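Quick note: the sequence shown, position 10, residue 10 per the working numbering, numbers continuous.
Quick caveat, the hints were computed from the structure, so don't treat them as lab data.
Errors might be hidden in some of the hints.
The calculated DSSO-like cross-link candidates involving lysine-lysine, where the alpha carbons are at most 30 Å apart (straight line), are [said to hold, decoys possible]:
1) 52 - 84
2) 96 - 84
3) 63 - 84
4) 42 - 56
5) 84 - 56
6) 52 - 63
7) 56 - 96
8) 54 - 96
9) 111 - 54
10) 52 - 42
11) 96 - 63
12) 84 - 54
13) 42 - 96
14) 52 - 96
15) 111 - 84
16) 84 - 42
17) 111 - 52
18) 56 - 111
19) 111 - 96
Model, not experiment: these values are computed from the prediction.
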Amino acid sequence: METTLFCVFSHFLCDLFEELATLSLTLQRNDLILPQATTILKTTVTSLEALKTKPKPGGLLEKIQTAFAQQQGDEMRFQGMTLKGDVISLTHPQLKRHVEAAVNISVDVIKARFGGLVKDDAIHTTLDCFRILNPDT
Numbered sequence: 001m002e003t004t005l006f007c008v009f010s011h012f013l014c015d016l017f018e019e020l021a022t023l024s025l026t027l028q029r030n031d032l033i034l035p036q037a038t039t040i041l042k043t044t045v046t047s048l049e050a051l052k053t054k055p056k057p058g059g060l061l062e063k064i065q066t067a068f069a070q071q072q073g074d075e076m077r078f079q080g081m082t083l084k085g086d087v088i089s090l091t092h093p094q095l096k097r098h099v100e101a102a103v104n105i106s107v108d109v110i111k112a113r114f115g116g117l118v119k120d121d122a123i124h125t126t127l128d129c130f131r132i133l134n135p136d137t
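Please model the entire structure based on the sequences and the hints provided.
Printed below as a string of structure tokens:
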């Protein structure tokens, strides 16, 4: 936890996990119907893809970037610790690579598990929609 890369990426992961937690809680509701599930899945995938290029509005990554930008001098400090490096933007090559990998893994898992419901071009039959209830198919 001594580098800005680790600190910024950890804040990004909090934003990513918040999106996944919202999806998880929605899918666990007893009153959930299939059209709602399809909508929340597509919304989550879109939100995750957007995290590759810009921080979540009001999210932890945006807050830490703002805090680092407001600091005076060459040192980056977080919770009293001086951090090494100057990674604060999603355009930094190392951070960008890690962010894209995390988002791609998350989206790939969602598409693998709920594939037919996430694809826009798929024509769904009733039986296809119920396949999501059986993870072995």
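So, going through the hints one by one against the coordinates:
1. 52 - 84: Roughly 23 Å between the alpha carbons, so the hint for residue 52 and residue 84 holds.
2. 96 - 84: Status holds; Cα separation ~18 Å.
3. 63 - 84: holds (19 Å)
4. 42 - 56: holds (17 Å)
5. 84 - 56: holds (24 Å)
6. 52 - 63: holds (17 Å)
7. 56 - 96: Holds, at about 15 Å.
8. 54 - 96: holds (11 Å)
9. 111 - 54: holds (22 Å)
10. 52 - 42: The given pair, whose Cα atoms are some 16 Å apart, holds under the 30 Å limit.
11. 96 - 63: Distance of about 18 Å is within 30 Å: holds.
12. 84 - 54: holds (23 Å)
13. 42 - 96: holds (23 Å)
14. 52 - 96: holds (7 Å)
15. 111 - 84: Violated - the C-alpha atoms of residue 84 and residue 111 are around 37 Å apart, more than 30 Å.
16. 84 - 42: At roughly 38 Å apart (the allowed maximum being 30 Å), residue 42 and residue 84 break the hint.
17. 111 - 52: Cα-Cα ~17 Å, so holds.
18. 56 - 111: holds (22 Å)
19. 111 - 96: holds (22 Å)
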